[in-house]
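Based on the sequences and whatever the hints tell you, model everything.
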Amino acid sequence: IMGLSVLGVGVFAGFLSVMFGIGGGVVVVPALVFLVSGMVFHSARATSLFMILPTAITGAMLHIRQKNAAWPDVWPVMLPGSVGAIAGVLLANSLAAPQLHKLFAVFVVFAAARLLGKRTTTQDDNTDSGWVTGRGDGI
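Residue numbers for the sequence shown follow the numbering used here, so the first one is 7 and each next one is one higher.
The set of hints was computed from the structure by calculation and includes no laboratory data. Here the structure is a predicted model, which is why all the values come from computation and not from measurement. Backbone N, C-alpha and C define an ideal beta-carbon position, used for all residues, glycine too. All the given hints hold, so there is nothing to weed out.
Here are the simulated distance ranges between beta carbons:
id, residue 1, residue 2, range
1, 12, 68, 21 to 29 Å
2, 101, 72, 35 to 43 Å
3, 88, 117, 15 to 23 Å
4, 91, 115, 21 to 29 Å
Structure follows, in structure tokens:
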């Protein structure tokens with residue numbers, strides 16, 4: 007049953023990541039910690055990161071096909087995002103799991119509050135409010 011649960015988490019996280027532009031970690035990290043016996047937060051976080059590449063490539067290719075990619079918005083954030091990823095790994099690995107749990111929870115609550123308070127407008131026939139293309143409205 008645990009194997010099916012983990013597969014379900016993967017499908018659900020992949021769906022959410024391309025639907026809303028959220029990192030699969032919002033779903034995968036807590037699910038792995040609770041579903042996989044003995045998996046610690048740092049391992050769950052690393053596992054989630056390995057899931058991002060194929061999910062991101064698949065979602066990006068589909069968005070390119072649908073002409074949702076706003077290239078002028080993409081290029082300026084790609085390299086700084088990589089630099090931020092390096093800094094994030096170094097910081098996260100220097101923190102104890104309980105500290106990281108608390109920071110993660112604060113981030114999720116902050117992001118949810120921000121999304122609930124954000125006004126969105128319909129831009130085109132796809133009713134894209136910025137969530138699908140990930141122009142800052144996603145998590």
